[in-house]
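Chemist: Construct all of the structure, not just a fragment, from the sequences and the given hints.
There are 2 protein chains.
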Amino acid sequence: MNKHLVIMAGGVGSRFWPMSRPENPKQFIDVLGVGKTLLQLTVDRFGKDFDPSHIWVVTSADYLNKVKEQLPDVPTDNILLEPCMRNTAPCIGYVAWKIKKKYPDATLAISPADHFVVDTNEFRRCINAGIDFVKGTSRVLTLGMKPTRPDTGYGYIQSGNPVNGTEMMHVQAFREKPDYKTALQYCREGNYNWNAGIFIWDVATVEAAIRMFEPEMASLFDQMYDSFYSADEQATVNKLFPQCNKISIDYAVMERLAGKNIELAGQPSGVFVMPSDFGWSDLGTWGSLYAQTPKDDNNNAVIGAENVSLIESTDCIVRTSGDIKMVLQGLDGYIVAEDNKTILVCKKNQEQRIKEFSETITKQ
Amino acid sequence: MNKHLVIMAGGVGSRFWPMSRPENPKQFIDVLGVGKTLLQLTVDRFGKDFDPSHIWVVTSADYLNKVKEQLPDVPTDNILLEPCMRNTAPCIGYVAWKIKKKYPDATLAISPADHFVVDTNEFRRCINAGIDFVKGTSRVLTLGMKPTRPDTGYGYIQSGNPVNGTEMMHVQAFREKPDYKTALQYCREGNYNWNAGIFIWDVATVEAAIRMFEPEMASLFDQMYDSFYSADEQATVNKLFPQCNKISIDYAVMERLAGKNIELAGQPSGVFVMPSDFGWSDLGTWGSLYAQTPKDDNNNAVIGAENVSLIESTDCIVRTSGDIKMVLQGLDGYIVAEDNKTILVCKKNQEQRIKEFSETITKQ
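Chains A and B are the protein sequences, given in the same order. First residue of the first sequence: 7, per this note's numbering; consecutive thereafter. First residue of the second sequence: 7, per this note's numbering; consecutive thereafter.
Source of the hints: derived by calculation from the structure; they are not laboratory data. Note that the structure is predicted; figures quoted are calculated from it, not measured. Check each hint, because a few of them may be wrong.
Identical copies go unnamed one by one, so any copy, or any two together, can satisfy a pair.
[What the hints assert, rightly or not] For lysine to any residue, the following SDA-like pairs were computed, each having C-alpha atoms within a straight-line distance of at most 25 Å: (1) K353 to G339; (2) K361 to N304; (3) K108 to L246; (4) K301 to I367; (5) K331 to G17; (6) K187 to D288; (7) K42 to S66; (8) K354 to G310; (9) K301 to E362; (10) K187 to D57; (11) K361 to S315; (12) K42 to D57; (13) K252 to I330; (14) K108 to Y257; (15) K187 to T320; (16) K354 to A307.
Modeler: Shown next as structure tokens:
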């Protein structure tokens, strides 16, 4: 089958400082302490359904060696290097134009590199059902996570009518991260799902959508096209890619396409959502990592650290690089993180300020 | 002048874990972050009044190289190595017997290696006045620190009558670490001083006192005597020293001699105290180190660490090895200490349990 996996692995993970930092962001780290990095877990999760030659990773040049080390089966040609961060629309455009050149009939499953899934069997069932749903059409499918709480850290997908004979729904609208009251309302109404940033669509649909909504960006990829798979590719990309608008695929395509009757590549298009329930987290915060990690009797989550002793401490999340020893006494509700000779101790409920905290020290 | 400085530097400093540990105890550490170790500060404090050839250090064989590195001017022959810890009486006996062999008229000022003094000029004045007071007599002089608070962590010296024409007092009794109520009473009565463990006496008095009160110990040093300053010294000491009673000089001599009319070396003896007020701490606890360290506006004491950022944190003491960065947010009243890839975070008021804390991790 002509199905391809695209992994977006260019983020810098600043919210997990000091564990995650620009030179070693969280997708390349064994965040969960399970012996595999988040990138490796992502590939494992899609797993046997994708041939290594059909797995593509878009990342930054700084991380090329990390990707090669962590995914030795993925051909080097399939690792695309963005010269700068331009959000997800240019990222997806670049990889789509490149795949199209070799595999014009490809169906793409596009996924972030750093998310977490509990039930990988159900996950794979959803991905394959999604691929079957879009294949040969101009449909765009997103996976919508059944919300388990009124989370204000996620975007929501508002679904409309079901698609007869399938588990998919038409998407009515994308909703940005809501305030708590709104999130609560979304959960009550039942037709809202978390936007997990996983998109399934044919490469021809990606191309047509970007051509329609971001014609300047499409023109840049057209100019790069001849260089793909040649010795000139990186130089050409380095020159033209930075001219792309910095815009997410959600803004560039999804929101513009949802709830309308638009044709793409000569076929009726539309955005669809597959309400899914396989246990998911974007692992975007220490809090979400804490939620996904086994706790001890005092509700402490200790990750990747054998030499941590917690005494009269509760509700903490502790993550060390492994070659350090730690005794923590009398801490309640703290994040304690260590990496590369840098230590953070802060209240769990202050984690949205971690970037600010990190700047107080790295400037010195 | 025939005056000698004896520094007892054999302690293991377990109360300052993880900064201080058996392989690198606190006397060999720049505990105060001033660029010199406590041992070096001790020698500096006695300073110019003692010729390097008259400075003696008693320590353990494990620490020989540390002493040589930190005190390069002290002759290797003057560094005495105890094969095991036998408390202060055998320590002082060994060094006294050895000094006596070369300098039978020596007056000894004996001091721990790890204390802290604020006013070093006044300190030196006291030491020299003390040496003048005992020289050529059988007097034993202790320095008594004027108590500034009812501290229950120190022993107290109860003084009796003054010695006419001097600032010295007869010692009536030594009192062990009191409970709070008793300490309060001592402070009110005015004739109690903290026992700082600094003793000034002639070497002949030391010998006579040990011979009188610990004859078996004296006999062991008599057996070692011939070996001193020879190639056999260490082997002989290693064989005989462990047979010494494990007893402090306070128990062995001071308490037995105080308040009585006893002759030593053919002269009237007695224990005297010099009430002193030069700002002193035994730096025996993180709390005492905290008390001696400059604080920031939030009453945090940060020692030896340029890369520590304290945010919304108060009343903490932070001590790192220097090559580590730390962000601490939302901590109130904690000890945060890092050394050799080991980190301790604990409530300041739980520091008496640090040994227990350290054992939870080092056993792993």
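Chemist: Evaluate each hint against the coordinates.
Modeler: Status of each hint after checking the structure:
1. K353 to G339: both (6 Å within a copy, 15 Å between copies)
2. K361 to N304: between (28 Å within a copy, 23 Å between copies)
3. K108 to L246: Close inside one copy (21 Å), not across copies (86 Å); limit 25 Å.
4. K301 to I367: between (30 Å within a copy, 19 Å between copies)
5. K331 to G17: Between copies only: 24 Å across chains, 29 Å inside a chain, cut-off 25 Å.
6. K187 to D288: within (22 Å within a copy, 58 Å between copies)
7. K42 to S66: within (21 Å within a copy, 47 Å between copies)
8. K354 to G310: Within. Shortest intra-copy distance 18 Å satisfies the 25 Å Cα cut-off; inter-copy 28 Å does not.
9. K301 to E362: Intra 28 Å, inter 24 Å, cutoff 25 Å: inter-copy only.
10. K187 to D57: neither (44 Å within a copy, 78 Å between copies)
11. K361 to S315: Answer is between: at 13 Å across copies they meet the 25 Å cutoff, but 27 Å inside does not.
12. K42 to D57: Result: close within a single copy only, 20 Å intra versus 63 Å inter.
13. K252 to I330: neither (40 Å within a copy, 37 Å between copies)
14. K108 to Y257: neither (28 Å within a copy, 90 Å between copies)
15. K187 to T320: neither (29 Å within a copy, 35 Å between copies)
16. K354 to A307: both (12 Å within a copy, 24 Å between copies)
Taken one by one, the earlier hints fail for this structure at numbers 10, 13, 14 and 15, listed in ascending order.
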